[in-house]
Every structure is written in C-alpha cells, then in structure tokens.
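Colleague: Now for the letters of each chain:
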Amino acid sequence: MPMGHTATEQAGSGGLTATEHRLANGLRVVLSEDHLTPVAAVCLWYDVGSRHEVKGRTGLAHLFEHLMFQGSSQVKGNGHFELVQGAGGSLNGTTSFERTNYFETMPAHQVELALWLEADRMGSLLTALDEESLENQRDVVKNERRQRYDNVPYGTAFERLVAMAYPEGHPYHHTPIGSMADLDAASLEDAREFFRTYYAPNNAVLAVVGDIDPEQTLAWIEKYFGTIPSHDGKRPPRDGTLPDVIGGQLREVVEEEVPARALMAAYRLPHDGTREADAADLALTVLGGGESSRLHNRLVRRDRTAVAAGFGLLRLAGAPSLGWLDVKTSAGVEVPDIEAAVDEELARFAEEGPTPEEMERAQAQLEREWLDRLATVGGRADELCRYAVLFGDPQLALTAVERVLQVTAEEVRAVAQARLRPDNRAVLVYEPVQGAQQADDTAEDNDAEGESAQ
Amino acid sequence: MSDAVTTTMTFHPQPSAGAAKLWAFPAPERAELSNGLTVLRCHRPGQQVVAVEINLAAPLEAEPAGLDGIATIMARALSEGTDKHTAEEFAAELERCGATLDAHADHPGVRVSLEVPVSRLPKALGLLADALRAPAFPEGEVERLVRNRLDEIPHELANPARRASMALSKELFPAEARMSRPRQGTQETVEGIDAAAVRAFYETHVRPSTTTAVVVGDLTGVDLDKALAETLGTWTGGAAEPRPMAPITADDTGRVVIVDRPGAVQTQLLIGRIGADRHDRVWPAQVLGTYCLGGTLTSRLDRVLREEKGYTYGVRAFGQVLRSAAPDASGGATGAAMLAISGSVATEVTGPALEDLWKVLGTLKEEGLTDAERDVAVQNLVGVAPLKYETAAAVAGTLADQVEQHLPDDFQAQLYTRLAETGTVEATAAVVSAFPPDRLVTVLVGDASKIEEPVKALGIGEVRVIQG
Numbered sequence: 001m002p003m004g005h006t007a008t009e010q011a012g013s014g015g016l017t018a019t020e021h022r023l024a025n026g027l028r029v030v031l032s033e034d035h036l037t038p039v040a041a042v043c044l045w046y047d048v049g050s051r052h053e054v055k056g057r058t059g060l061a062h063l064f065e066h067l068m069f070q071g072s073s074q075v076k077g078n079g080h081f082e083l084v085q086g087a088g089g090s091l092n093g094t095t096s097f098e099r100t101n102y103f104e105t106m107p108a109h110q111v112e113l114a115l116w117l118e119a120d121r122m123g124s125l126l127t128a129l130d131e132e133s134l135e136n137q138r139d140v141v142k143n144e145r146r147q148r149y150d151n152v153p154y155g156t157a158f159e160r161l162v163a164m165a166y167p168e169g170h171p172y173h174h175t176p177i178g179s180m181a182d183l184d185a186a187s188l189e190d191a192r193e194f195f196r197t198y199y200a201p202n203n204a205v206l207a208v209v210g211d212i213d214p215e216q217t218l219a220w221i222e223k224y225f226g227t228i229p230s231h232d233g234k235r236p237p238r239d240g241t242l243p244d245v246i247g248g249q250l251r252e253v254v255e256e257e258v259p260a261r262a263l264m265a266a267y268r269l270p271h272d273g274t275r276e277a278d279a280a281d282l283a284l285t286v287l288g289g290g291e292s293s294r295l296h297n298r299l300v301r302r303d304r305t306a307v308a309a310g311f312g313l314l315r316l317a318g319a320p321s322l323g324w325l326d327v328k329t330s331a332g333v334e335v336p337d338i339e340a341a342v343d344e345e346l347a348r349f350a351e352e353g354p355t356p357e358e359m360e361r362a363q364a365q366l367e368r369e370w371l372d373r374l375a376t377v378g379g380r381a382d383e384l385c386r387y388a389v390l391f392g393d394p395q396l397a398l399t400a401v402e403r404v405l406q407v408t409a410e411e412v413r414a415v416a417q418a419r420l421r422p423d424n425r426a427v428l429v430y431e432p433v434q435g436a437q438q439a440d441d442t443a444e445d446n447d448a449e450g451e452s453a454q
Numbered sequence: 001m002s003d004a005v006t007t008t009m010t011f012h013p014q015p016s017a018g019a020a021k022l023w024a025f026p027a028p029e030r031a032e033l034s035n036g037l038t039v040l041r042c043h044r045p046g047q048q049v050v051a052v053e054i055n056l057a058a059p060l061e062a063e064p065a066g067l068d069g070i071a072t073i074m075a076r077a078l079s080e081g082t083d084k085h086t087a088e089e090f091a092a093e094l095e096r097c098g099a100t101l102d103a104h105a106d107h108p109g110v111r112v113s114l115e116v117p118v119s120r121l122p123k124a125l126g127l128l129a130d131a132l133r134a135p136a137f138p139e140g141e142v143e144r145l146v147r148n149r150l151d152e153i154p155h156e157l158a159n160p161a162r163r164a165s166m167a168l169s170k171e172l173f174p175a176e177a178r179m180s181r182p183r184q185g186t187q188e189t190v191e192g193i194d195a196a197a198v199r200a201f202y203e204t205h206v207r208p209s210t211t212t213a214v215v216v217g218d219l220t221g222v223d224l225d226k227a228l229a230e231t232l233g234t235w236t237g238g239a240a241e242p243r244p245m246a247p248i249t250a251d252d253t254g255r256v257v258i259v260d261r262p263g264a265v266q267t268q269l270l271i272g273r274i275g276a277d278r279h280d281r282v283w284p285a286q287v288l289g290t291y292c293l294g295g296t297l298t299s300r301l302d303r304v305l306r307e308e309k310g311y312t313y314g315v316r317a318f319g320q321v322l323r324s325a326a327p328d329a330s331g332g333a334t335g336a337a338m339l340a341i342s343g344s345v346a347t348e349v350t351g352p353a354l355e356d357l358w359k360v361l362g363t364l365k366e367e368g369l370t371d372a373e374r375d376v377a378v379q380n381l382v383g384v385a386p387l388k389y390e391t392a393a394a395v396a397g398t399l400a401d402q403v404e405q406h407l408p409d410d411f412q413a414q415l416y417t418r419l420a421e422t423g424t425v426e427a428t429a430a431v432v433s434a435f436p437p438d439r440l441v442t443v444l445v446g447d448a449s450k451i452e453e454p455v456k457a458l459g460i461g462e463v464r465v466i467q468g
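For the record, the sequence lines run as chains A and B. Residue 400 in full-length UniProt numbering sits at position 400 of the first sequence, and the numbers go up by one each step. Residue 337 in full-length UniProt numbering sits at position 337 of the second sequence, and the numbers go up by one each step.
Please keep in mind that the hints were generated in silico from the structure rather than gathered at the bench. Please read these numbers as outputs of a predicted model, since none were measured by experiment. One thing to keep in mind: the hints can contain errors.
Unchecked claim - Result set (DSSO-like, lysine-lysine): computed pairs, CA atoms no more than 27 Å apart in a straight line:
hint: 1; chain 1: B; residue 1: Lys-21; chain 2: A; residue 2: Lys-223
hint: 2; chain 1: B; residue 1: Lys-170; chain 2: B; residue 2: Lys-388
hint: 3; chain 1: A; residue 1: Lys-76; chain 2: B; residue 2: Lys-359
hint: 4; chain 1: B; residue 1: Lys-365; chain 2: B; residue 2: Lys-309
hint: 5; chain 1: B; residue 1: Lys-226; chain 2: B; residue 2: Lys-123
hint: 6; chain 1: B; residue 1: Lys-456; chain 2: B; residue 2: Lys-359
hint: 7; chain 1: B; residue 1: Lys-226; chain 2: B; residue 2: Lys-359
hint: 8; chain 1: A; residue 1: Lys-76; chain 2: B; residue 2: Lys-309
hint: 9; chain 1: A; residue 1: Lys-55; chain 2: A; residue 2: Lys-223
If we strip away everything but chain A, and leave its shape as in the complex, we get:
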C-alpha cells in the first residue's frame, strides 16, 4: 500500500513541495500540488536509455519509445495520441543516454485519463505490438535521423564528439538516435525483449504535478498501476567509469559541404549531481554562455573571428558530463587562430578564476534558467522524475538552484583548471568543401529568411 511523507517547504523553491510514495509493485510516485492554473502534468521516467543498448542494436531504446505510442491492450492504433489530444492535452516522449520519459500535460479534469493510458501501455504493450507498427516506426525514425542529423550542416557533430569523448565499447559511445544499420537490424523480438527487460513498475518513477487532489490522484494510481506485475529482469548498463580526464587531445577533421569552418570540442567534466558539476556549469556560463561571456567578447566582439562562440553542458550521472564548445568562424578565418584564442582564454580563466561580477552574472543566468524550468507543471514533473531516477531523491529538484548559488569562485576556478585543458578534450574541426554542382551561382537566390517555415 502507498506510504507517504510530506517534505517541509524548501527555501528557494518558490514554495513548491513534493510528496513521495511507493506502490507494492515498486512504482515510485511523486506528487506536487499547485492550484494556480487548472492544468496537471503526468510524467513517467523509465530508468532505461541508450546506455543500456548492446552492440549492433544502437537506437533501440528510442525506436522502442516510438512503439509505445502504437497502441496497447485497451488502446487501439494511435489511440494514445488521439485520446490525449482530444481531451485538450499535449504529450510526447523522449529518449536520452540515461532514461526514457513520457509525458502528458492535461487540463486538470483529465488527469485520470493520462494515468489510465500510461498504465495500459506499461502493463500490456506487447499484446498490441506487431510487425506492421515496427516497420512503420522504423521508417519514421530513419526519417527523424535524416531530418535532424544527416540532412543539416554539422548535423552529425554531436555524434562524432560523443564517439571520441567516450571510447569504443563505452555505454555512452553512441548517441540515442543510433545508426541506420542498427535501426534496420532491429527485430520484433528485440523490441519485445527490450520491453520485458526494462519496462516494469519497479524501474520507473511517476510524477503528477499541478492542480490535483493528492489523495484522489494516489487512489487512481493505485487502481490503474497497482496490479502491474513487477519483475527484476533489468540488466544494469555496462560500467561507465572513466578517468576524470581523457589524458591526451583527440582530434578529427571533417571535410564536408558546410557553410563555414568550425571548431568544436568536447571536454570531460564531473558527473551530474556533484557540487563540481554545478561549478563546471558556472565555469562554462562565464566562458561561453550568453553575450557577456569571455569567448563571445573575445572572438565575436573583439577579434571578430567568429560568427558565434559558446559552451553547452550535457549533464550525465552515469558517466562524466560533457562540455561542448562550438565556434563557427567568420569568413576567411583559419581554425588555428580560433584555437589559440580559446586556449589562451581557458588558460587565463584556470589561473585567475571568475571575477565577482562574472560569478554574479553566471549565477543569475542559471537561476533564471531554473525558474524557467519550474514555470510549467511539465517542467517541474520532469525535474522531480530526474532527481528521483538518477539520484534517488526528488526533493533535490526543489533545492537545485540553491546549490548553484552556494558554489564559490574558487571552486569554479578549480574545476576549470582540472578539466578545461587541451589534454582533456576531443576536438572536431570542420573544413568546408564545395559540392560537385555547387557552383558560385548563388547571387540569384541569395536569400535568407528570418524564420523557418514551421
């Protein structure tokens, strides 16, 4: 039977609280009430991602996520989408290295429907899964890969950086989209086996956030999910342990039809959930987040050698996180000039650390980003699931911003010195080549639109 406890209200969490419960079958439940708007989010995280995939079956977790929308025992065909949208809800699912999530944001009076739908597929997907939907979604996912990776300039950069930063055989060596060959090879039996292995109530966290009656919501959860059998078929992912630093500079030069030279790099950074990861986040923000960052000021404003220059952070819990440098050069600029300037800025930062003003700005930026995440019931539900699945404690979501604000300048400097160094990075350089029929005949069609069509 469900057991619950109420957390005390946390400072800095905007008055948000969350309660935790566990069903007898192991399903963990997090509830958070907020009656300001008549909406509620249902978010379900399964503790399975591309890191659980085996050689020859990359992309299976994501392909499988698509199959979760193809019907289950009581839900026909596209019924999951149809019922949620017909109820005025919105929905989706996403797959990353470390988890697969499914979410519905509903008008408050339709929450029960979302719970019923999620329970139906958690308990009975295999009764509806067939060859036809597998073949169809295989084609859809291959087109997703083409659209997002293969048919856009620099589209495979992330895949290439990840493949260098996490060595062959490492569970994070490949990205969730997978390879075309492996997508082709996935069989119905692979999909069934994947479901039997990873889709179980005791391998998931369910968060319901928003305009809810917690007691009623919990009763519905018990009713719909309570009889889904648990099992311990799950296989843990392969060990993701790696040394803190790569220990040498890796490098790949890509000659492709891209519009400009680019310098990208992936740095190995501390694991998500640690104070050092928050310090790294601040370091990357000072160096390459926004228009007052050091790299923007140096490369875009002063040297005028780059169109755009910045850092991004991919937080990972089961392997070192990844700091992603991305610089697109201005016309006529050579990559070594950019690289020298980047190295100089990183070295100076490692030595001096951030100024008090830089710390204030970076912390203010991360605070706003965090407030943005918590501004919607869907964002809040996702964060509660994240901390529950990856760190065992959803309450940590409510105090995350405080932890970022507690980091000191010296900690930021220290993590930069330890990690943002040439021997801890995989470098990816793009050199443009002209396509065979890409004549210089662009004058006639030299247009640029201010927005994409969709």
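Given chain A, put chain B in place with the hints provided.
Modeller: Chain B alone, transformed into the frame defined by chain A:
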C-alpha cells in the same frame, strides 16, 4: 521473470473526465504613459519570470531601398551600448539581472523581448528603456553587426527549411514587394548598411507614441506604475504620421521549384500560398480545418505520410499571419497569412509522398471533414489553451501579436468561443479554400537528379530547377 508469469494486470474501463474547471485567456489592462507609450499589463500568479514584449512600429516595408536588413541591424544594435553603458557593459548589466533580451525585425515591425526574474524587473526595465530611448549605435559595433550578419547568411542558405522558405517568398510575391525578399537582407543589401543609416532609420520610425509594451508575470508587490514612469516613461519623442500598408498580393499559380541539393538524403518540402488573416471572419474555421489537415500526427497528412507510409518524421499544415492593418468599416481581411504545408521526406519517396499529399487534399475537397474529426480538433484547440498559456512569455507573445496585427485585446479570448461554435461544414469550406490542390506553389529543396522526373510525372504544375 517468475513474478510476471504468475500475476497479471487488472484492466479497468477508460475513465471519463471530471468536471472541467473554468479558464479564460487573460484580459490585459491597457493604459498610456504620459509620453504616449501604450502599456498592456497582465498579472499571472506564480510566474516568477516576467515577460516584457515591446512592439516598435518599424515595418520591413519602411526600410530604405537597397538597404534590406537595416531593421534587423537596428534591432540588434539597440543593445550595443546606450548613453550610460558601452556595448560590453550593457550585456554584462543585463545578464547581472539574470535577464535575456532578444530583438528581431519582421514584416509588421520590430519586436524586443525581455525576460527577467520579477525581483530584478525594475532594473531590467531601466536597461530596456535605455536601449530604446538612447541607443548609442557606435560605428564600430554596427560595423561588427553588419559583418556578423554577412557571416550568418551562408548558414541560413545551407539550412534546407530556411532555404525553402526564402524560395517560396520569392516565388509568391511580386519582385518589387518587400515580402518577396529575405527578412534580414541579402549580402548585397547588408553590405551597404552603416551606423548613420541605422540611426536615420531609428529616428524616423522609433518613438514612444507608436510603441507598445506588454508586461506579464507575477506582479505581486511590484509598483509597476512607478517602475514604468521611471524607465520607459522618461523616453521622449514626437508624434508620427500613420503609415498606410500596401495591399499584399501573391501569384499562387500551381507550379514547382526544385532548389537543387545534389546528394541530399531528404527532400525538404514547403507548399504554400497566401490567405485570410485574423481579421477575416473565416479565421476560426481556417484554424480548425488546417488543424484537421495537418496540425498533429493524427491529422490527415501524417496519418498517411507518417503513420501509414513512414515517408517522413512529420508534415504540418499551418497558417501564419504575415501582416495585418487596422480594419476599415467593411470588415474582412486587412492583410494576409502564409498558408503552408511543410516537412521533409526521404529522397527516394519524394514522388510517392507528394502524390499521397495531393490525394489527401483531393479527398478532403471531395468528401469534406467528418463531424468526429471536427469535434476532436475543437476539443484539442480549445482544451490546450490553459496549457499553452501557462508561462508569462506565452501570454505576452500573443498579446503583442494582437497589438501588432491591430486586433482587439480580447481577440484570443473570443477566438476560443468562436472555435467552439464553428461547425464541420464551415471548417471544411475554409480548409478547402485555403489549400486548393491546383493553386499551390511547391518548393522542394533536394537532389534534382533524383526527384525532378517523378515530380514532373505528378502534373502539379510546371517544374523548374534552380541552383542551391
């Protein structure tokens, strides 16, 4: 696995909905500062990040001949230093507030968007006011923005979706119309922009009396009147002549343009024409019908192209207002919307995918929408409103769109009532007239050597290939 074999799940029937709770699109409070600047404000409890949207009446059409892109450069240059701060200082001060400031120019005018935690709203409003009131437009910074813009152009040309969008505008609109040309200018026009021209454009078109500020968020404990009076209220400037808007015309003769991309693994498609804007009474029916055609993956297009055939990751139909003017006494559309179908399909199935797409349009025209389709669409479009407008930024964006399109402040609120009243017959008529199979301009960005012949065989109009 032993537990799983011995126990099975208990199934329950699909639950029915509880009692719906009332929700209405928020009504803003409208006021005018002493300098003539219009303010719309809206209190949204719980929204700690406040959104401020500024509309400047500087339409692209007002750009001087040969200087396409100057509105974009001006918009970007607003945050490159003021009478109080250098460019670098301004960026730093803004980020110290935890704020973001974006500015962009589009056909109806320039939009400046500020987002900031409410605790730092007054300070951020001060910076925003400085940028609007006293931009420095330093020569060196404007020159840098021009060079930066020139460097961006090849990236936009390389992006299949953006390339398709430019080609469609060029096809649809007459060459002399500003809408036929890229919003942010071309290499030729951007090269001619300098600080003096930017200042002249600013002085001609930017002033408080033609500016609107929309402020949305949790304003508990904020003395917004005081904050506005001390910031945007200190901006001075004269009155302006109203600027008439030229009528929008387009040639939608059915035809195909292939932008050649040798070796492309997908074909980006963009199929469009222009149609009614929000002032037209057909708008709700057009929204409803367009959703049924291609609003989501269970709409007609994706039901075939994605969920049956697997040709695509998704194809969408949409209507996006280009520009509207104030209504005259007669009522009806005052401007136009781009009506289009967009997506990408695998290269080798480009012909079959387009054939199916046209079949979907043909069937829709012959058989119309079903009542069930219409009902689900209304339930979705009306039902998602409280979700869609959860954040301050979403509310502010829609209110600013309404201002920009000369619509009443309660337009969106009324739209939900009108959607609910729209029947199947009206929605069918609207979508069929929005997407007539023989009056659509098709742009395909893809490998001409592979797709030209199959596309010619479809008979959807003359096929022309241009270089990528």
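Colleague: Given the hinted pair A/Lys-76 and B/Lys-359, is their alpha-carbon gap at most 27 Å?
Modeller: Holds: A/Lys-76 and B/Lys-359 sit about 25 Å apart, inside 27 Å.
Colleague: Is the straight-line distance between the alpha-carbon of B/Lys-226 and that of B/Lys-359 27 Å or less?
Modeller: 60 Å, violated
Colleague: Quick one, are B/Lys-21 and A/Lys-223 close enough, alpha carbons at most 27 Å?
Modeller: The hint holds at about 24 Å.
Colleague: Checking one constraint from the list: CA of B/Lys-170 to CA of B/Lys-388, max 27 Å. Satisfied?
Modeller: With Cα atoms ~33 Å apart, B/Lys-170 and B/Lys-388 exceed 27 Å; violated.
Colleague: Holds or violated: B/Lys-365 and B/Lys-309, Cα atoms, limit 27 Å.
Modeller: Judged against 27 Å, a Cα distance of about 22 Å means the pair holds.
Colleague: Can you confirm whether the C-alpha distance between A/Lys-55 and A/Lys-223 stays at or below 27 Å?
Modeller: It is violated: about 39 Å lies between the C-alpha atoms, which goes past 27 Å.
Colleague: Going straight from one Cα to the other, do B/Lys-456 and B/Lys-359 come out at no more than 27 Å?
Modeller: 16 Å, holds
Colleague: Can you confirm whether the C-alpha distance between B/Lys-226 and B/Lys-123 stays at or below 27 Å?
Modeller: At roughly 12 Å apart (the allowed maximum being 27 Å), B/Lys-123 and B/Lys-226 satisfy the hint.
Colleague: Going straight from one Cα to the other, do A/Lys-76 and B/Lys-309 come out at no more than 27 Å?
Modeller: 18 Å, holds
Of the numbered hints listed earlier, those contradicted by the structure are 2, 7 and 9.
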